[in-house]
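Visitor: For chain L, the structure is supplied; the task is to place chain W on it using the hints.
Going down the list, the sequences are from chains L and W. Heads up: the first sequence begins at 1 in the working numbering, then just goes up one per residue. Heads up: the second sequence begins at 1 in the working numbering, then just goes up one per residue.
Worth flagging that the hints you see were computed from the coordinates, not collected in a lab. Since the structure is predicted, the reported quantities are computational estimates derived from the model, not experimental observations. Beta carbons: idealized from backbone N, C-alpha and C, even for Gly. Treat the hints loosely; a few may be bogus.
[To be verified] Chain W stretches covered by chain L per the calculated footprint, using a threshold of three residues with CB under 8 Å from any CB of chain L: (1) 45-58; (2) 140-146; (3) 313-320.
[What the hints assert, rightly or not] Calculated from the model, a selection of chain W residues having no Cβ within reach of chain L, i.e. all distances over 12 Å: (4) 86; (5) 214; (6) 294.
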Amino acid sequence: MNSTSNVASPEVITPQPQNSSGANWSLWRRQLAGVVRLELRKNILSRRMLPLLLLAVLPVVWMAIISVAPLSEADRLKIEPNPAFAFVFRVYYLKIAIFLSCLVAFVQLFRGDILDRSLHYYLLCPVRREIFVAAKYLVGSLSSSLVMAASVAATYLVVHLSFGSASLGSLVSGLLTYAAIAVLGCLGYGAVFMLMGLFFKNPVLPAIGLFLLELANPFLHPLIKKISIIHYLISLLPHHVSVGAFEILASKTSPFISVPSLLVVIAATVWLASWRLRQMEITYSDD
Amino acid sequence: MSLETSESGALEPTVGSPVSPDLESEKARREGSSFQKAHEGQGIVFENVSRFYGEVLGVNRINLRIEPGITGLVGPNGSGKSTLMNLLTGLLRPTRGTLKVLGLTLDQPQELFRHIGYCSQFDSFPKGLTGYEFIYSFLRIHGFAHGPAQTMTWDALGKVSLEDAAQRKVAGYSKGMRQRIKLAQAISHQPTVLVLDEPLNGLDPMARAEIISLFKEFREEGKFLIISSHILHEVDVISDRVVLLNSGYVVAEGEIHGVRDEMEEHPMQVLIRCDRPAELAAEIFRFEYVAGAQIHQDRQGVLVSTREPARFFLALNDLVVSKGLLMDSVRPADDDVHALYEYLIEGEGRSS
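Pulled out of the complex, with its shape left as it was, chain L reads as follows (with noise of 0.2 Å):
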């Protein structure tokens, strides 16, 4: 093709230049609102969201149920709020609901776009694959734990009104002390999911394996324990509940061990998702 052409030069709108460092913040910054602008449009009101909300509402209606239950004076009195509340919140929120709340709001946030064939929109454009991991991190983090956060709330607050009669103080230094825990819980399984939303084809099987893994946590040795997100998490519970005969008890990892430690795994998570959409082809047949 050596056609020779005297024609105008084309103009092209330029977002921006980076700078002489190569860093170029105001861009990547205006680049991550627009993704996670998009993300929140497809995600918010979509019926993904329908499985998060079922799982947090359940636990406030079911307290709410039982609050206002016929029971005796006696039994009412037996009912110890912080006990009744961790053990709630160890079997059912940590357990279960931010785990699938997670799985659902996490794992389809690249494969859905592979699945719906429109990942190539976004890796067409002039961004930093690490922005688009970051944005949609964010966006999946901030529809998992608010919705998880408001509903330990909710739960926390329904409990410890009908059963219990703590100062403020303390009900509200408990109600931040579970809220960030699920919080926490949603960045650490968060992270595990995206990742796994990206490496696998299916990746409900690698979450079922999870899955049971983190169940059986409370029966495994001690060691093996440590290597998983949940054993943080429940070392720092304010209240110890079993949930077995059977569980081996391990001794709990400090607050100032168990949060960086999640962190760091969160980190190193969301740097090979980064690597991962880098080398990412679009050959959507295969999938």
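Guide: Relative to chain L, chain W alone:
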């Protein structure tokens, strides 16, 4: 430099005529133009590019240099057209070889994708968006601020005549409208290189004419358009040059007439329309460089095959004068993409 203008934050378009580009946008235009000048003449270069899907060949040993203008990619299903386009747009990576677009490699996506627009074969869109939101959202992801993004969105919608349907969900669009909104999205950031995979699919004749006219407009602006199509007649009408692909190999490339001229094994066919075709056919047969002549089906002309068109046309002039023939037209009958396709691809299929 910043393109920040007033931030509404929401995906709410301003209904009405497009907003004039602001000063910042104009500044950006000039910077984009200076990029183009800096990269002028570099074109799109494939150097020994191969792509395999495991054991399966996608394309092999592609060496191409594509200049500004409209380049038609022609070939049967599975010939490697889409693979070539996906390589060009960075959605696939070459197994071997190097590929540069305006001097940029695929390892520079942040720069490269400012200059590439791709209307892919995938008839799919992000869920739940209106036509306006679809284009506007990706312009924001490019990094454009609200004002310029809004202007460019309406501009792109106008070019494909979809302003009236802008606020409807893409999911409710007809096939032709979906094709047009994909095209609008591909051109919305005003790229220099446009890669269009079957862009005329599903369009009615009126829309086809409009889009072809748009392509010609882009050609006048000096953009690169790489278009694949099964509709050979349209490729013939709009392309400055063609790349013929078969089984992952480039079998011919260049300007259509140039490629045809180089195919010496196929005599050129010339259709001559005149008042006495039978007499003309009898006379023509006497020329040694005429491989064959037959009366056309409508009996109004003669179809001549010749290996030496230049000598033939000279002799034809003399013959017309000496016999006093009344000529209606003389034109090549196989100097188009359809003929190239038939000789190079279907012919090869028959011979193998």
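Visitor: Each of the hints needs a verdict: does it hold here or not?
Guide: Tested hints:
1. Given a C-beta distance limit of less than 8 Å, the hint that chain L covers the stretch 45-58 of chain W is violated, as 1 residues qualify and 3 are needed.
2. Counting residues of the stretch 140-146 of chain W whose beta-carbon sits less than 8 Å from any beta-carbon of chain L gives 6, enough to reach three: the coverage restraint holds.
3. Note: the stretch 313-320 of chain W has 0 residues with beta-carbon separation from chain L under 8 Å; the three-residue rule is not met and the coverage is violated.
4. The beta carbon of residue 86 of chain W sits about 7 Å from the closest Cβ of chain L, which is not more than 12 Å, so the claim that it is off the interface is violated.
5. Residue-level check passed: residue 214 of chain W sits 14 Å from the nearest beta carbon of chain L, beyond 12 Å.
6. Listed as a non-interface residue, residue 294 of chain W keeps its Cβ farther than 12 Å from every Cβ of chain L; the least gap is roughly 35 Å.
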